[in-house]
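Peer 1: Chains as they are written, first to last, in this note's numbering: chain A, 8 to 625; chain B, 8 to 625.
Any given hint could be a false lead.
[Said to hold, decoys possible] Here are the computed lysine to aspartate or glutamate pairs in the DMTMM-like style, where the Cα-Cα straight-line distance is at most 25 Å: (1) B:LYS212 / A:GLU233; (2) A:LYS263 / B:GLU351; (3) A:LYS252 / A:GLU274; (4) B:LYS263 / A:GLU347; (5) A:LYS328 / A:GLU313; (6) B:LYS141 / A:GLU192; (7) B:LYS263 / A:GLU472; (8) A:LYS301 / A:ASP332; (9) A:LYS140 / B:GLU192; (10) A:LYS230 / A:ASP198; (11) B:LYS291 / B:ASP64; (12) A:LYS263 / B:GLU595; (13) A:LYS312 / A:ASP198; (14) B:LYS263 / A:GLU595; (15) A:LYS512 / A:GLU462; (16) B:LYS54 / B:GLU13; (17) A:LYS141 / A:GLU233; (18) A:LYS473 / B:ASP266; (19) B:LYS140 / A:GLU192; (20) A:LYS230 / A:GLU215.
Hints were generated in silico from the structure; no laboratory data involved.
Number of protein chains: 2
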Amino acid sequence: MTSQHEAWSELGQQLRVDSIRSSSAAASGHPTSSMSAADLMAVLMSKYLHYDFGTPDDPRNDHLIFSKGHASPLLYAMYKVAGAISDDEMLTFRRFGSRIEGHPTPVLPWVDVATGSLGQGLPISVGVALAGKKLDRLAYRVWCLCGDSEMAEGSMWEAFEHAGFHGLDNLTAIIDVNRLGQTGETMHGWDLDAYRRRAEAFGWKAIEIDGHDVAAIDRALAKAVETTGQPTVIIAKTEKGHGVKAVADLPGKHGKPIDDADAAIAELGGYRDLHVEVPKPELKGTPHTFPTTKLTLPSYEPGTKEATRKAFGDALVALGKARGDVVALDGEVGNSTYTEEFAEALPDRFFQVYIAEQQMIASAVGMQVRGWKPFAATFAAFLSRAYDFVRMAAISRANIALAGSHAGVSIGEDGPSQMALEDLASLRAVHGSTVLYPSDANQAAALVPQMADREGIVYMRTTREKLPVIYAPGEEFHIGGSRVVRDGDAVTIIGAGITLHESIKAADTLAAEGLSARVIDLYSVKPIDTETIRSAARETGAIVTVEDHWPEGGVGDAVLDALAAEQPHPVVVKLAVREMPGSGTPTELIAAAGIDATHIADAARELARAGATAGRTS
Amino acid sequence: MTSQHEAWSELGQQLRVDSIRSSSAAASGHPTSSMSAADLMAVLMSKYLHYDFGTPDDPRNDHLIFSKGHASPLLYAMYKVAGAISDDEMLTFRRFGSRIEGHPTPVLPWVDVATGSLGQGLPISVGVALAGKKLDRLAYRVWCLCGDSEMAEGSMWEAFEHAGFHGLDNLTAIIDVNRLGQTGETMHGWDLDAYRRRAEAFGWKAIEIDGHDVAAIDRALAKAVETTGQPTVIIAKTEKGHGVKAVADLPGKHGKPIDDADAAIAELGGYRDLHVEVPKPELKGTPHTFPTTKLTLPSYEPGTKEATRKAFGDALVALGKARGDVVALDGEVGNSTYTEEFAEALPDRFFQVYIAEQQMIASAVGMQVRGWKPFAATFAAFLSRAYDFVRMAAISRANIALAGSHAGVSIGEDGPSQMALEDLASLRAVHGSTVLYPSDANQAAALVPQMADREGIVYMRTTREKLPVIYAPGEEFHIGGSRVVRDGDAVTIIGAGITLHESIKAADTLAAEGLSARVIDLYSVKPIDTETIRSAARETGAIVTVEDHWPEGGVGDAVLDALAAEQPHPVVVKLAVREMPGSGTPTELIAAAGIDATHIADAARELARAGATAGRTS
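Next up, chain A with everything else stripped away, as it sits in the complex:
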């Protein structure tokens, strides 16, 4: 063993010791899952990772993502070694108010994305690596530490497939094959070949090593750097809890501090305070930028008809031409979501993710790590496939725009599998999210540029059917706003998307009967225009909400929430889809669901005539 090898082994021991110390101080955490990967990370950070901890935003920095986020004690121990955090701060692990959280989150400047929901770090790493190759066009590398348990997640194989397909030789995955999951042995135990066969089948270079042999680790990492044209996976046989007999390779030791920490630390050779000068990025250059022109949004003639999904696609091209940082991703339905126009006009910034919605969201999250502004699109129903990725993206403080087409029963003949009827509910319930549901093509186009500037998860629900254009081109619409499209004082009808147009028809019917209904276009479902809704409540005393969505969590519930503390309070009747739809024409299906103009007029008429105007003050 050379002195270099000895130094790395010493560093590995320190990383183990500190993983034990921090988790013991916290009385919780995952020391044994950290100890298995300590030698791998010791060599990586000493020689291969190029990263300036002083300037984490340096675009030339490599990226290190812990897909096995529960090995956070190891990550924080590495930060201490690099001089990024103090020993004292490291020991605040898991304490209230500390940024040294149970699983890594970007409250720390060196953490790109939150991990801890297994199977997400590698797909996101693919996104960062794609950004490096295709957008930044910088030679930074992405290193991803994976657990063996998480190889059971299909999302890992989406990542393997996409990295192989794109030949991402700037990506190295390191699988810490410590054999043991939370409750027992993994499917493949220490059968490294099982992982190798799979990885090779997906087009990766695979290297099997003893993950506690620092010389072997060194050689494998060197090989990964040398390998061109394909990503590399280092499949490392390790021991969970390596170095401490009381826990090493034993079941039942997951996710808990080590019983006798002092003895364990002694067994590991005691406390050390080694520091490492992590190599700084050596490469030259600045991130690639794309040429831009002035923003010219598309416009649609009032009185004609257009689908908001088409307006979204048109506006995304316009935005992409005006902003070089905007990129588009699609789940192989670009001729439905209309991202095909972006693909045609700006092919260098379009990413075909095929039918892999988890990888699509992960790629978007990875790209925004590097400051790109991703718009990811598919059928709204299929965004549900990536719901955990969206949830985690919010914890990552990621800024991504999502577009979901084909919302609701009004898509017609394809039937319920293709109908998003829960998207408003699920995406409203994402922390810090924005949920838009435009009713008109000019409005949709006006909102698209704002999506790129908005923080957090910004979702636009678009409609398959062509809808009447009711707003003038160039009219301003702001996130958080609404529009009163018909004034009236007998009752208020609140719709969005296709149901706004049914609401207008209903109001026209009621007007002919001498009943004046106010109609509100709730194109911004979250944030919601509370003031306009409250005014309507006060002035009309009764509200009908109507949505092409299940009754839970959508437009109606957003309105009820806005009125929770309102006194006097209007009667609110929610029209929504309440029975499982089948196939049919859009007209048949919205009628059957009770959300068409006839049902709206009936509900509004009943409310107004029953004098259900308890809340009315005018």
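Once you have looked at the hints, place chain B on chain A.
Peer 2: What follows is chain B alone, placed relative to chain A:
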């Protein structure tokens, strides 16, 4: 070509013709995606599928699942050939009110599960095959027709992994490699070897064939039946739109009827009306049953503390002993969800699905196809990984029970990645779902048996922390009910799970101040006990809801919905988690989120003292 081969080829042509006829009649649908697989299905249904269309519930029947659900015209054409539906009914494809829906759903008795969200049929097939091997112990086979595009979904590789792991030689997947997706070529085009390498790496027998050569299809299917110890995949090179030059192997022909249907039908040799006697099941035997004993639910002493997740685990064992049809699945966190007790007591009915939540739900759906009663458990946060599977399970009219542990910020130190804060919202927004959130161990135990008898998706949210036992063992709790645990008339506090206990503490504080607060235990969030809430609204005039969940779509919104039409209407104040949490103790985190007793008391006091009692009638 033998006469048998000629007959199969003729049948293939008829299936193509009828796929064109039905989609032309509907003016929508996917004829070209049906035509590619027609020869494969012609041979399968003529010789290998053993299925009695007259008794679809015969447990000895094989199962045929179209993972590529958009090839529904082909499936319906097969039903016609088998005599299950008439030509007239086939031609009602996609019409309103017809059971011949755009994508297959179990409104048809021969359809096991709804498909149309790609990447789900194969994982569900794995579930059915597992039921055959491990539960029914019958030799029926599962045949799954897969698209090549959907091979990009990670869930397909979860299925490959699990089928390989369990050696499911009763499962045959047939990949219809027609090269073309919705918008263009797939990642692998006609590179059959790409699929073969992957499948073999995952432990499958793989057979490459020309999918239009009926003799080759015959040989491959025979080989699949012969193969033991591993599942078989037939990788069939096919042409999208095969047989009709105007569309064959051309892009831009996805998901639309054929322009000149008459010419296409003529090119295919014209209309035919062949019928096939699909082989009936030959195997003997009846489904295995497991021995049972009397139900003895666990009980917990009032005044002690226990976690509802533990009570769930205890009750599940009791239920499993009493009902032989109950099975449990877990995502490798059984020592957290406490399904480990079931695994220990009833190992033959426990399925370790490792960290593959999509496969877990798919397996549950597959098992309930055969009448088993699956309970699938993981951290509630990670159920979000399988949200699309749950959405589709509802369309499948599946009866499955889900248990999600570790809800909310009150899990403490692990941090936000492990905290379910959107599960109530997302699972309430599933059609026909039931959402339970018990507050007490005896209550949780009492609800578990009801979960097995309830139709649809039945979710129980459990709590990590030990909570005071407040109800007596044996007390009855019904789905749809609630409990008034403190009476009072100044204000109502509604909580569930951990927040019920904070609500009780708050009520005690308020009582000491002379303020009488009613406290409602909303253990059944959906369906909700509207009457009790309305009574409280009328009698106390003001309501505080409190939940360990984001503000959207949970307890508060369920209460607001129940009160939508209530007049006079109480002021409702919703306490919920509004900022992204970090790590900390449960006590620190519920305080920081503003959902602890102090914040509840403050909110209730303010409401009561401000005389916000507009709705009060008593």
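Peer 1: Now tell me if each hint is right for this structure.
Peer 2: Verification of the hints:
For a cut-off of 25 Å, the pair hint linking LYS212 of chain B to GLU233 of chain A is broken: about 35 Å separates their Cα positions. Proposed proximity of LYS263 of chain A and GLU351 of chain B is supported: the alpha carbons are some 22 Å apart, at most 25 Å. A threshold of 25 Å between alpha carbons decides the hint, and for LYS252 of chain A with GLU274 of chain A the separation of about 8 Å falls inside it, so the pair holds. Distance restraint check for LYS263 of chain B and GLU347 of chain A: the Cα-Cα separation of roughly 18 Å lies within the 25 Å cut-off, and the hinted pair is therefore satisfied.
Distance hint between LYS328 of chain A and GLU313 of chain A is fulfilled; the C-alpha atoms sit about 22 Å from each other, no more than 25 Å. A hinted pair counts as satisfied when its Cα atoms are at most 25 Å apart, and LYS141 of chain B with GLU192 of chain A qualifies at roughly 21 Å. Simply put, LYS263 of chain B and GLU472 of chain A have alpha-carbon atoms about 16 Å apart, close enough for the 25 Å limit, and the pair holds. About 14 Å separates the Cα atoms of LYS301 of chain A and ASP332 of chain A, which keeps this hinted pair within 25 Å; it holds.
A hinted pair counts as satisfied when its Cα atoms are at most 25 Å apart, and LYS140 of chain A with GLU192 of chain B qualifies at roughly 23 Å. Distance hint between LYS230 of chain A and ASP198 of chain A is fulfilled; the C-alpha atoms sit about 22 Å from each other, no more than 25 Å. For the suggested pair LYS291 of chain B and ASP64 of chain B, the alpha carbons sit about 15 Å apart, so the restraint of at most 25 Å is met. This hinted pair checks out: LYS263 of chain A and GLU595 of chain B have alpha carbons roughly 21 Å apart, not beyond 25 Å.
Of the pairs offered as hints, the one joining LYS312 of chain A and ASP198 of chain A is violated, with about 60 Å between alpha carbons and a cut-off of 25 Å exceeded. The straight-line distance between the Cα atoms of LYS263 of chain B and GLU595 of chain A is roughly 21 Å, inside the 25 Å bound, and the hint therefore holds. At roughly 36 Å between alpha-carbon atoms, LYS512 of chain A and GLU462 of chain A are farther apart than 25 Å, so this suggested pair is violated. Restraint check: the Cα-Cα separation between LYS54 of chain B and GLU13 of chain B comes to about 14 Å, which is no more than 25 Å; the hinted pair holds.
A distance of roughly 20 Å separates the Cα atoms of LYS141 of chain A and GLU233 of chain A; the hinted pair therefore holds under the 25 Å criterion. Restraint check for LYS473 of chain A and ASP266 of chain B: satisfied, since their Cα atoms lie roughly 23 Å apart, inside the 25 Å limit. About 23 Å separates the Cα atoms of LYS140 of chain B and GLU192 of chain A, which keeps this hinted pair within 25 Å; it holds. Of the pairs offered as hints, the one joining LYS230 of chain A and GLU215 of chain A holds, with about 12 Å between alpha carbons and a cut-off of 25 Å not exceeded.
Hint compliance for this structure: hints 1, 13, 15 are not met, and every other hint is.
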